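Chains as they are written, first to last, in this note's numbering: chain A, 151 to 432; chain B, 20 to 291.
Calculated from the structure, these hints are not laboratory results. Bear in mind the structure is a predicted one, so any value in this text is a computation, not a measurement. Please note that a few of the clues may not be correct.
[Claimed, not checked] Beyond 10 Å from chain B on every Cβ pair, some chain A residues (computed):
#1 Leu163
#2 Ile254
#3 Leu288
#4 Ala370
#5 Gly383
[As the list claims (entries may be wrong)] Here chain B is said to cover these stretches of chain A; the calculated rule only asks that three of the stretch's residues, wherever they fall, bring their Cβ under 8 Å from a Cβ of chain B:
#6 182-195
#7 299-306
Think of the CB as a built atom: it goes at the ideal place given N, C-alpha and C, for glycine as much as any other residue.
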Amino acid sequence: MADNETVEKQKRLTHGDMVKTFWRAGFLQGSWNYERVQNVGFCFQMIPTIKRLYKGDDKETAAALQRHLTFMQTTPVMTSLIGGISMAMEEERANGKPIDDATIASVKVGTMGPMAGVGDPIFWGTIRPVIASFAASLALSGSGLLAPIIFFVAWNAIRLASRWYLQKIGYDQGTNIVANLGGSLIQKLTTGASILGMFIMGVLVPRWTTINFPLVISKATVNGKTTVMTLQGIFDELLPGLIPLLLTFMCIWLLRKKMNAIWLIFLMFAIGIFGYWIGLLG
Amino acid sequence: MSAISVILLLIVAFLAGVDVVLDEWELAQPLIACTLVGLALGDVSSGILLGGQLQLIAIGWMNIGSAIPPDAALASIVSAVLVCGPANLSVSNGIAIAIPLAVAGQVLNIFVRSLIVLMAHVVDSRAKAADIKGIDGIHYLDMVIQGLRIAIPTYIVTIVSPQAVQGALNAIPKVITKGLSIAGGFVVVVGFAMVINMMANNEVWPFFFIGFVLAAITKLNLIAFGILGVCIALIYVKLSPRFNAQSTVVEGAAGEETSSGGDDIDRALDEL
Numbered sequence: 151m152a153d154n155e156t157v158e159k160q161k162r163l164t165h166g167d168m169v170k171t172f173w174r175a176g177f178l179q180g181s182w183n184y185e186r187v188q189n190v191g192f193c194f195q196m197i198p199t200i201k202r203l204y205k206g207d208d209k210e211t212a213a214a215l216q217r218h219l220t221f222m223q224t225t226p227v228m229t230s231l232i233g234g235i236s237m238a239m240e241e242e243r244a245n246g247k248p249i250d251d252a253t254i255a256s257v258k259v260g261t262m263g264p265m266a267g268v269g270d271p272i273f274w275g276t277i278r279p280v281i282a283s284f285a286a287s288l289a290l291s292g293s294g295l296l297a298p299i300i301f302f303v304a305w306n307a308i309r310l311a312s313r314w315y316l317q318k319i320g321y322d323q324g325t326n327i328v329a330n331l332g333g334s335l336i337q338k339l340t341t342g343a344s345i346l347g348m349f350i351m352g353v354l355v356p357r358w359t360t361i362n363f364p365l366v367i368s369k370a371t372v373n374g375k376t377t378v379m380t381l382q383g384i385f386d387e388l389l390p391g392l393i394p395l396l397l398t399f400m401c402i403w404l405l406r407k408k409m410n411a412i413w414l415i416f417l418m419f420a421i422g423i424f425g426y427w428i429g430l431l432g
Numbered sequence: 020m021s022a023i024s025v026i027l028l029l030i031v032a033f034l035a036g037v038d039v040v041l042d043e044w045e046l047a048q049p050l051i052a053c054t055l056v057g058l059a060l061g062d063v064s065s066g067i068l069l070g071g072q073l074q075l076i077a078i079g080w081m082n083i084g085s086a087i088p089p090d091a092a093l094a095s096i097v098s099a100v101l102v103c104g105p106a107n108l109s110v111s112n113g114i115a116i117a118i119p120l121a122v123a124g125q126v127l128n129i130f131v132r133s134l135i136v137l138m139a140h141v142v143d144s145r146a147k148a149a150d151i152k153g154i155d156g157i158h159y160l161d162m163v164i165q166g167l168r169i170a171i172p173t174y175i176v177t178i179v180s181p182q183a184v185q186g187a188l189n190a191i192p193k194v195i196t197k198g199l200s201i202a203g204g205f206v207v208v209v210g211f212a213m214v215i216n217m218m219a220n221n222e223v224w225p226f227f228f229i230g231f232v233l234a235a236i237t238k239l240n241l242i243a244f245g246i247l248g249v250c251i252a253l254i255y256v257k258l259s260p261r262f263n264a265q266s267t268v269v270e271g272a273a274g275e276e277t278s279s280g281g282d283d284i285d286r287a288l289d290e291l
C-alpha cells in the first residue's frame, strides 16, 4: 500500500535539490548553540527543499523555516536520514496532504533520539577511533604522509557515503521508516557496532600504551649468568598490559563518578611525574 | 616564519576551528591538523610525529549530547606551531603544552556556543520574514567566529619570540618534563575509558576482554583484529536468541504481500 502512494506521489524535489541538501548537511553544527543545539544547521540543510516547494509564497516559506528551527540534537551523520524523511514529508505537505506542523515536529523529535543511539556508537565509538588509532600507529612507526592521508580519506569516504545513502533511504521511505525504528535492524546495528567497538578497545589497551617499571626486584647469579628481574618483568609474567588495563578501569570508574576528562588527563600526568620522582616509573 | 608560512598557517587554523565544531571532515583531529601545520611551516615529519601521539590522547574527545570535549583544534594547531616552527620544541614538550591548550580551547568554545544562542534568535526573526539569504548569512557568520576562535590565538603565538618560549620551557625541572613524557605513554587510557563508557553494557563487556587477551598474548596486527572483530560481531548478532526470535517473525512476514516496513529497510539496504 505504501508503495502505491509513493508511485502516485507528485514528486517535486529534483536530483539537484538532493545534491544541494547533501552538501549543506555537512555544515550542520556550524551554529551549534546551547539553546536548541543543531537547529539552525538543520534549517540550513532544509533550505533547498523549502525553496523548491514554497518559492514565491512568503507565508509558507516563513512557516516552513520556523518548523525546522526547533530543537535538534543527534549524531551529525544521522541528520541526513532525518533530513531525507523531512524532505519527503514537506513534499507531501506541499502536494496537499494533510500533514500539519505537529506531525513533522513529532517525527523529528521521535527520530533524533534513536538515531543518536545508533549513530554515536557506530561513528564516534567505532569507526573514528579505529581509523584514528590505526593511522596514529602508522604515523608513529614512521610511514610519513601516508598516515594522515589514510585517516582523512577513509573517514570521509565512509562519512560521505553514509550521508548520501541515509538521505536517499530517508527520502524514499519517508514516514514508513519511523514506524519501524523499534525494528530489529536498528538493534542489530547498535549491538554489532558496540561489540566491534568494545573488542577493538580491548585490543588497543595493551597495544597503544607504554608503561615501564624499571625497579629491580631481584638479582640472581647462576653459573656466572646474572638474571635481573624488574617489577615490569613480574607484571609481564602475570599478563602483559595488566597495568594499562587497571588504569583504564580506574578511569572508567572515575568518569562514572562524574570526574571531568581533562582532570583525569592531569591526574595521569601527576602519576607520571610522581612515579618518575620516586623511581617507580621510567 | 615567512609571510607565506604565516598565511598558510592561519588558513589551516581557521579551517580547523570551523571543522572541530562541525565534526565532519575531521581536519581538527591532531594527526591531520599537526601534519597540515607541519606542511605550512616546512617541518612535516615533526608534525606527523606530534600528531600521531596527540591523536592517541585525543581519541575519546567526542561531541556527545551537549557535553563539550577538550578542544582538539587549539591543542593541535598551537602545539604544532611551537614544535614545527622557530621555537623548535621537542615532541614531548609539545604534548605537555597541548593539554592546557585543550582546556583553554574548551572554555573558548563554551563561550562562543553561548554567544551563538543570541545568533539563533536573530535567525528566528529572519525566518519570520522568510529571509532565506539572511539565515544562510548568519550560519556562515557563526562558522567564521568559530574559525577565528582558533586563528586569532594562533596568530598571537606566531609573534611571540621563540627564545622566550624556549627559555620558559628550559626553566621547567627535568622531573616534570620526564614525568610528562612517561605519562604520555599511558594518558591515552582516559580516551579509551570515555569510548568504553559510551558503549559498555553487560552484553558487550566479554568482547572487550577477548580483545584484550588476544592483543596482549598474540602478535596479530590491527587489520587482523579488525577482521576478527567484524566476524565476531556478525556471528553474535546472527546467533543471539534476542535477534533470532525477531528475525523469524520478520522472515515469516517477508513472504507475504503485507510486508512490514522493517523489510523495506532491509530490502533498501540490500539494493544499495
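field: No chain B beta carbon within 10 Å of isoleucine 254(A)'s
entry: holds (15 Å)
Whether glycine 383(A) stays farther than 10 Å from all C-beta atoms of chain B, as the label says: Holds: least Cβ distance 15 Å, greater than 10 Å.
query: Should the label of alanine 370(A) as a non-interface residue stand, given a Cβ cut-off of 10 Å to chain B?
result: Nearest chain B Cβ is 27 Å from alanine 370(A), so the label holds.
task: Taking the shortest Cβ-to-Cβ distance between leucine 163(A) and chain B, state whether it exceeds 10 Å.
output: holds (16 Å)
message: Tell me whether the statement that chain B covers the region 182-195 of chain A is true, taking a Cβ distance below 8 Å and needing three residues at minimum.
response: holds (count 11)
field: Assertion that leucine 288(A) lies outside the chain B interface [Cβ separation over 10 Å]
entry: Violated, because the least Cβ-Cβ distance between leucine 288(A) and chain B comes to about 8 Å, which does not exceed 10 Å.
query: With a cut-off of 8 Å between beta carbons, are at least three residues of the region 299-306 of chain A near chain B?
result: Coverage by chain B holds for the region 299-306 of chain A (4 residues, Cβ < 8 Å).
Checked against the numbered hints given earlier, the structure breaks only hint 3 and satisfies all the rest.
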